[in-house]
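Read top to bottom, the protein sequences are chains A and B.
All residue numbers for the first sequence refer to numbering that gives the first Met the number 0, where the first residue is 0 and numbers rise by one.
All residue numbers for the second sequence refer to numbering that gives the first Met the number 0, where the first residue is 0 and numbers rise by one.
It should be emphasised that the hints constitute simulated quantities derived from the structure, not laboratory data.
Take the hints with a grain of salt, since some may be wrong.
BS3-like cross-link-like pairs, simulated, lysine-lysine; straight-line CA separation at most 30 angstroms [as the list claims (entries may be wrong)]:
(1) K42(A) x K198(A)
(2) K201(B) x K154(A)
(3) K162(A) x K216(A)
(4) K133(B) x K198(A)
(5) K42(A) x K257(B)
(6) K198(A) x K162(A)
(7) K179(A) x K42(A)
(8) K8(B) x K73(B)
(9) K198(A) x K180(A)
(10) K180(A) x K154(A)
(11) K162(A) x K201(B)
(12) K8(B) x K133(B)
Counterexamples of contact, computed for chain A against chain B with all Cβ distances above 12 angstroms [unchecked claim]:
(13) V17
(14) E47
(15) G71
(16) S189
(17) Y242
Don't be surprised by glycine CBs; every beta carbon is placed ideally from N, CA and C.
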Amino acid sequence: MTTIRALIVDDEELARRVLREFLSNEADIEVIGECANGFDAVKVIAEEHPDLVFLDVQMPKLDGFEVLELIGPDPAVVFVTAYDTYAMKAFDAHAVDYLLKPFNRDRFETALARARQRVRSSAPPTERVEPMELAALARAPEQFAQRIVVKDGSKVSIIPVDKLDYVQAQDDYVELHSQKKSYLKQQTISSLESALDPKQFVRIHRSSIVNIERVNKIEPYTKDSRIAILHDGTQLPVSRSGYARLTALLEGRT
Amino acid sequence: MHPLLRSAKNLGFYLIAWLVPIVLIACTLRLSSTSSWTDSFTLAASFGLPYALFCLTPWYLCRMLPLRDEHLLKALLNHLAAAFVSGVLWLRVAGYLLPERLTPNLMPMFAAGILVYLLSVALHYVYLTIEASKEAIRREQEARVLAREAELKALKAQINPHFLFNCLHSISALTSIDSAQAREMCIRLSDFLRNTLRLGEKESIPFGEELALVNTYLAVEQVRFGSRLRVERHIDPHCEGCSVPPLLLQPLIENSVKHGIAGLVDGGTIRLNASCDNGSLRVTVENDFDPDSPAPRKTGMGLANVRNRLAARHGDLGRCDVNVTESSHRVDLLLPCQGFNS
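My request is simple: use the sequences and hints to build the entire structure.
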């Protein structure tokens, strides 16, 4: 039987030591490292490809959901958290398992058994949910993303939504434009749209979302379409339904 | 409606009370003149009983014209006019009631009537003033009860489950690593919870006790965060006697840990300053935070509570200002420093 390579991610040292202590008795588990924040976790996971990650939810830099969003579907993830009503709903439905601090060895063994099963079965689970949707489930209702995380290799960028200018769809990716830089992220434009505050961001076209505060003016283009000109000069096509959404939002704001 | 007219019983007592002067007047008439007992009583009752009712009328005018400096003359003129009209009406009514053979001299009656009417006005004002002050006391008590309830509710909401569960997890970790420290942590946590409950019940505590509570809290968090949590204190010892509402500072420190230090990979510093001069207490709580983590939109239940409680207690004299820079968050509290006496 091959060893399962596990990574421990928690910002509190004592919390990491509990996991290390419980894992030390497991012959088939090798702890390949510990991370104290989300940035390190994403980096180590990208380089080391662990099979199993114990992931704290409340952490500096990137929280557990953002880490999950960036690491892709490969490792089995067991969330470890103190208390979070909404997050627990999400775990119930979709995570391999979650551990509520403090937990005892029995509860830990149960989680580990599930994780083993998930790692040993070569095929990823059939009803896997997109991490972005999981993150959305974990947010309180009526609460929208405050920032967007993007990974390029092992480098992670954080874009506060206030600094996001516009987004364009590129096949399975979205291209995020912020402060004259662009970032590629593997996500559908619809799922991104639903994470953003509809009072600030509007889908003006099948393939673009714009931050309403960046729009300078809208000019006619063809008979049925218009074009939005942003403050930095960028021109974006506006479809007929997109124009209707845009005007509705602008009227609502005044 | 006039309080005496609200029930038949009240009116009955009032009229019976009027019988005393009526009987006295009748006796005086009988003894000082040649009138018979019957005539004396008829005369006294015919004038007295209607006047008992006339004396209730100032109620309405008194309520319409509350005694205020700028309206005194207006009130006086109104009452005099009302007294005159009442006097005339009263004598007409009494005239109907009297048998024709009795013809008293009306002028002195009229003068007496005006005086009694004005006496009645004065009594009504006294009554209204007493009622108003009772009402004010009742309202003040009600406000105090409401404020107290609001505070308790706020305090209950502040016991933070995250903090509690994380502490218990730290203790659980320590049991196998360092059992002596696990016990120490249990004791610190118990101290903190006990003090929170004990101080939360009081209306005011010396600032020194609040500081002690904050120190217990920080001692617990220190175990969780280790070297990531650094604290600098500059406390003027003279301030420790100032009277403050309990758990005023604690939620601010908790916010500093939760929204500041916990979000920093290498941790940060909480700077706690307190000084007092010219009878006011000035407290500053400042912490570093990660500029990449935007503050949650629903900021500071704790901060709102602090603000409301200061406003309820000190009105404009209590201040709670927030200053946010690129990477530090500062709350300034200003409140009157009243010496603690209990």
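Hint check results:
The hinted pair formed by K42(A) and K198(A) fails the criterion: a straight-line CA distance of about 34 angstroms is larger than 30 angstroms. Of the supplied pair hints, the one linking K201(B) and K154(A) is violated, its CA atoms being roughly 53 angstroms apart against a limit of 30 angstroms. Between K162(A) and K216(A) the alpha-carbon distance is near 19 angstroms, which keeps this suggested pair within the 30 angstroms criterion. With a CA separation close to 52 angstroms, the supplied pair K133(B) and K198(A) exceeds the 30 angstroms bound.
Taken as a hint, the K42(A) and K257(B) pair is honoured in the structure, with Cα atoms around 25 angstroms apart against an allowance of 30 angstroms. Distance hint between K198(A) and K162(A) is fulfilled; the C-alpha atoms sit about 15 angstroms from each other, no more than 30 angstroms. Pair hint K179(A) plus K42(A) holds up; C-alpha atoms about 25 angstroms apart against a cutoff of 30 angstroms. Of the supplied pair hints, the one linking K8(B) and K73(B) is violated, its CA atoms being roughly 35 angstroms apart against a limit of 30 angstroms.
The suggested pairing of K198(A) with K180(A) holds, with an alpha-carbon distance near 24 angstroms, which does not exceed 30 angstroms. A C-alpha spacing of about 15 angstroms is found between K180(A) and K154(A), which places the hinted pair at or below 30 angstroms, so the restraint holds. Restraint check for K162(A) and K201(B): not satisfied, since their Cα atoms lie roughly 47 angstroms apart, outside the 30 angstroms limit. Restraint check for K8(B) and K133(B): satisfied, since their Cα atoms lie roughly 23 angstroms apart, inside the 30 angstroms limit.
The non-interface label for V17(A) is inconsistent with chain B: the shortest C-beta to C-beta separation is roughly 4 angstroms, within 12 angstroms. Every C-beta of chain B lies more than 12 angstroms from that of E47(A), the closest at about 19 angstroms, which supports listing it as non-interface. No beta-carbon of chain B is positioned within 12 angstroms of the beta-carbon of G71(A); the least distance is around 22 angstroms. With a least CB separation of 24 angstroms from chain B, S189(A) remains clear of the 12 angstroms interface cut-off, as annotated.
Listed as a non-interface residue, Y242(A) keeps its Cβ farther than 12 angstroms from every Cβ of chain B; the least gap is roughly 29 angstroms.
Of the numbered hints given earlier, the model fails hints 1, 2, 4, 8, 11, 13; all others are met.
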